[in-house]
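Protein chains in written order, with full-length UniProt numbering: chain G, 1 to 575; chain C, 1 to 389.
It is worth saying that the hints were derived from the structure and are not from the lab.
What you are looking at is a predicted structure, and each value in this text was computed from that prediction instead of being measured.
Every residue gets a Cβ at the ideal spot worked out from N, C-alpha and C, and that includes glycine.
Below, a list of computed lysine to any residue pairs in the SDA-like style, where the Cα atoms sit at most 25 Å apart:
id	chain 1	residue 1	chain 2	residue 2
1	C	Lys32	C	Gly76
2	G	Lys15	C	Asp74
3	G	Lys482	C	Ile81
4	G	Lys482	C	Leu101
5	C	Lys352	C	Asn313
6	G	Lys487	G	Phe504
7	G	Lys487	C	Gln122
8	C	Lys163	G	Thr484
9	C	Lys286	C	Val257
10	G	Lys288	C	Thr20
11	G	Lys482	C	Val123
12	C	Lys276	C	Ala301
13	C	Lys276	C	Gln310
Reference excerpt, derived from the structure (chain C facing chain G, CB under 8 Å, subset only):
id	residue
14	Asn61
15	Gly78
16	Leu83
17	Asn84
Which residues of chain C face chain G? A few of them, derived with a C-beta cut under 7 Å, are:
id	residue
18	Leu57
19	Thr62
20	Ala75
21	Met90
22	Ala96
23	Trp98
24	His100
25	Pro110
26	Gly114
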Amino acid sequence: MSTLDLAAPLPVYRKPLGERILERLPAIVLSVILAAIVIPPVIVLIRTSLRGEDLGFTLANYAMLFNDPHLYVSAWNSVSFAALAMVLSLVNGGLVAWLVERTNVPFKPLAYISAIISLGTPYIIYVSAWLYILGRAGPVNSIYRALADSSGTFFNVYSITGMVLIEGFLWSPLVFLLLSATFRRSNADMEEAARMAGASVFATVTRISLRLALPAILGLGLFVFIRNLEAFDVPVLIGTPSKISLLTTDIYLSMTRVPPQMGHASAFSVVLMVVVAVLLHYYGKLAKHAERFASITGKGYRPRPFDLGRGRWIGAALILFNGFVVLILPLAAILYNSLTPFARPMNLAGLMNLTLDHYRAVFAQAYYLELALNTLIVAVASATVAMTITSIAAWMSVRRWRGSALLDQLTSVPLVFPGIVLGVAMIEMALNFPLPVYGTLWVIGFAFVIRYLPYGMRYSHAGIIQIHRELEDAASISGATKVTTLKRILVPLISPSLIAGWLFIFLIAAKELSIAVLLAGYNAKTMSVAMFDQWVNGAGGEVAAMGVVWTAAMTLFTATLYIITRRRTDLISGK
Amino acid sequence: MKNVQPSLTVSGLSKIYLGTTGGVRQADFELKNGTFFTLLGPSGCGKTTTLRCIAGLETPNTGAIRLGATTFFDAGTGQHIPLNRRNIGMVFQSYAIWPHLTVFENVAFPLRVGREKYTSTQVKEMVEKALASVDLMGFESRSATQLSGGQQQRVALARAIVKTPSLLLLDEPLSNLDALLRDEMRAELKSLQARLGVTTIYVTHDQAEALEMSDLIAVMNKGLIVQMGTPQDIYFRPANGFVASFMGSTNVIQAKVDADVPEDAFGSVTLASGRKIACRFTRSMKAGETIVVSIRPENIALSLTPNGGQNVNQIQGTIKSAGFLGHLIRYEIDIGGQLLHANVGSHDVFEKGSSVSVEFDFQNALALTVDEGDDAAEFGRGRRNQVAA
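Using the sequences and the hints given, assemble the complete structure.
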């Protein structure tokens with residue numbers, strides 16, 4: 001036993017070639033499928049952007065783009081819009097998140113309810129509500145007229161400021177949800193240590209809490225900035241009527257012009273894609289840094305909120321104000337608009353004269369039912385497909401299957417497509433597709449799958465990482481094959497994450513406008529496209545009625561699924 | 001041990017993880033049917049890797065693993081049975097109880113997913129038998145998450161034995177239990193294993209567990225088996241300085257061999273303080289070799305004046321500290337810059353700072369080699385930092 005001859009040659013084992021190939025096959029097949037889904041849009045865009053009218057190679061599209069001074073105006077508008085709206089949502093959402101997670105402020109549930117309901121509300125509903133509230137006929141300006149200047153307007157919503165305000169409010173709930181997760185994970189011990197060392201609450205918050213959360217906040221800020229840059233709803237609904245051009249609306253306009261300027265739009269899209277890719281690169285770095293910070297505080301968490309003392313009521317006012325701004329005011333406005341025969345100031349005369357006409361109009365037309373069905377089909381299908389693909393991809397990637405090296409990167413490729421850019425790419429692909437798919441739900445569904453793969457991956461990945469490897473090993477030792485292990489052990493265990501991911505994709509797909517608006521055919525519209533069309537046609541009342549019904553349905557659906565998931569999570573974690 | 005037919009043969013096994021120091025460099029052993037075999041060593045010594053190779057959770061680089069007439073793995077011929085066809089029972093460190101299944105379904109899982117099919121009456125019967133043997137009757141319909149750590153442990157055990165496996169693998173199964181429960185489970189595990197007569201491989205870094213439970217222990221360090229033998233062998237006749245220091249609270253002192261010593265003889269060594277003492281050598285050594293001397297604390301006698309017995313080393317020392325443990329007192333004695341621990345019956349009381357005569361038989365001072373790559377100074381600092389290493 002004591003002499004060990006390590007020099008003697010021993011046969012080093014390599015599995016037979018067939019077995020090695022077989023081992024890599026599942027991951028490789030999945031990689032190929034993913035590549036076939038996410039790579040073509042990039043190629044198509046680049047190719048079209050480099051093709052002239054004679055179909056030969058040309059840089060004319062880019063030359064035209066960069067020589068047009070209009071580009072720089074739009075770029076400046078886009079950047080300042082994105083940056084200001086980001087700051088607003090970060091301050092608003094971040095403050096509320098901190099109050100809710102780390103202090104003894106009252107009315108905490110209100111913040112959550114506001115955030116969750118707003119997730120299911122189509123942006124167009126929000127935007128139109130805000131346009132009404134801040135618009136000429138809305139309550140803000142009519143109060144101003146009653147109190148001060150009877151002919152002037154206090155605030156012109158059709159301006160960059162108006163856009164920033166509305167976009168900022170739109171993003172506040174999501175910022176709140178993401179940052180509250182960060183604050184919840186942060187370790188109270190570090191704050192207490194600062195307090196013990198003699199720091200005041202203010203000093204503790206600024207020098208310890210904020211400092212610790214800074215990487216996460218910066219990362220989120222950059223993320224929101226990128227999303228604002230890609231935003232389409234607010235720019236098209238407010239910017240376009242007020243002749244404020246932004247990059248995304250420029251692309252949209254050059255696609256909707258007759259004839260559509262494919263080359264120009266593609267070149268434009270490629271430029272926007274490159275900008276987003278560069279920003280995402282830095283976002284990735286920031287996010288990694290944030291995780292390092294968070295990992296210090298992973299353990300020993302005890303919720304010990306700060307006592308705000310008398311400041312508690314200032315905090316409460318802020319939570320109420322936020323709930324008012326994010327939830328109550330817009331919903332009240334949209335409800336009011338859905339009940340008045342025509343848009344008019346919110347006053348007694350208006351309230352005396354309510355009618356259900358708009359609802360009757362909505363329910364009377366089979367067309368709307370069809371729209372709802374269309375939207376549900378597309379959202380359900382794309383959420384299901386995206387979650388199925390990403391849960392398997394995440395499983396292979398987390399467990400380091402052979403051949404799975406590229407899966408992570410492939411699923412994050414679609415992050416570089418702003419919605420409108422993906423829309424442009426999909427139109428070009430659909431037009432060149434041998435089957436007549438252009439203008440059908442298939443194309444919209446396919447585009448949604450591409451767009452939401454990264455989100456699905458995030459949810460699946462997070463779910464699988466929590467599952468101890470030995471739970472799967474134990475199944476294999478027990479005699480189960482890989483497929484049995486997946487079906488009977490892994491999927492049931494990660495079902496809460498899968499359902500949460502599915503729900504998230506379902507909700508954003510159901511209200512997505514920027515992709516759908518380019519891809520929708522006459523018979524293949526989604527709810528948000530129809531609302532957009534009606535809005536452009538001036539049928540604000542019907543849009544409002546549709547919005548109320550749709551938001552109610554989505555909220556009910558979300559709540560039900562949330563309760564089911566919660567019960568399932570409790571079951572698994574043994575509560 | 002029911003028959004002499006070797007049950008498990010592991011030969012020339014190695015599994016190196018590229019870019020890490022972990023893994024097993026070479027492991028060879030043969031176990032008779034029904035043996036309780038323990039792989040003991042600090043973390044990173046390769047014990048868990050060896051176990052995972054036998055289970056089929058890792059594919060070895062070289063070597064062969066055979067169970068009776070079945071070849072699980074052979075790097076030479078390329079034979080390889082996937083892990084789900086090996087009929088092995090395994091208990092994981094984390095227990096790996098599936099939280100979405102009941103106790104019954106957890107234990108029944110191996111019967112439901114394997115190649116052999118069982119009727120539902122058979123399944124019920126076998127699960128109940130397994131649960132009865134771990135004392136968990138009546139828990140069938142509980143959710144696995146409603147169980148305590150000790151109960152989860154039993155479920156994991158029941159699941160591992162429900163199919164009467166040909167081999168039972170236990171990966172530090174007791175490390176997550178509290179001390180009291182751990183003692184209880186040790187005895188229970190051992191008697192269950194004896195009852196089932198299944199060949200068992202147990203992985204642990206706890207030398208007390210290994211000594212109490214095993215028929216055979218292999219002490220591993222840095223990917224190699226440094227000594228294999230019965231618990232008595234390992235404890236009383238450690239092969240080298242590492243084993244002695246790892247097996248528990250012994251004094252390990254660095255020394256140099258004075259003159260060539262043949263195997264199984266007494267010889268003289270010089271301690272760092274310049275003091276010469278006589279030791280027992282279990283193997284031949286050359287003059288000038290650096291070695292360690294192991295002296296067990298219970299073999300040291302203290303007195304105020306030298307007794308001057310035959311074949312006894314006598315060193316003068318000063319009491320540095322004393323700890324009262326009830327039945328005995330644990331003294332720390334300074335013998336010229338070197339600390340020595342001695343456990344003495346609590347009737348002999350020495351004042352702190354008093355000068356004492358430290359005495360131990362030549363027989364009880366064991367001269368041990370220091371393997372290449374081992375640091376003799378590390379041994380002196382005790383087990384704790386080796387386990388954590």
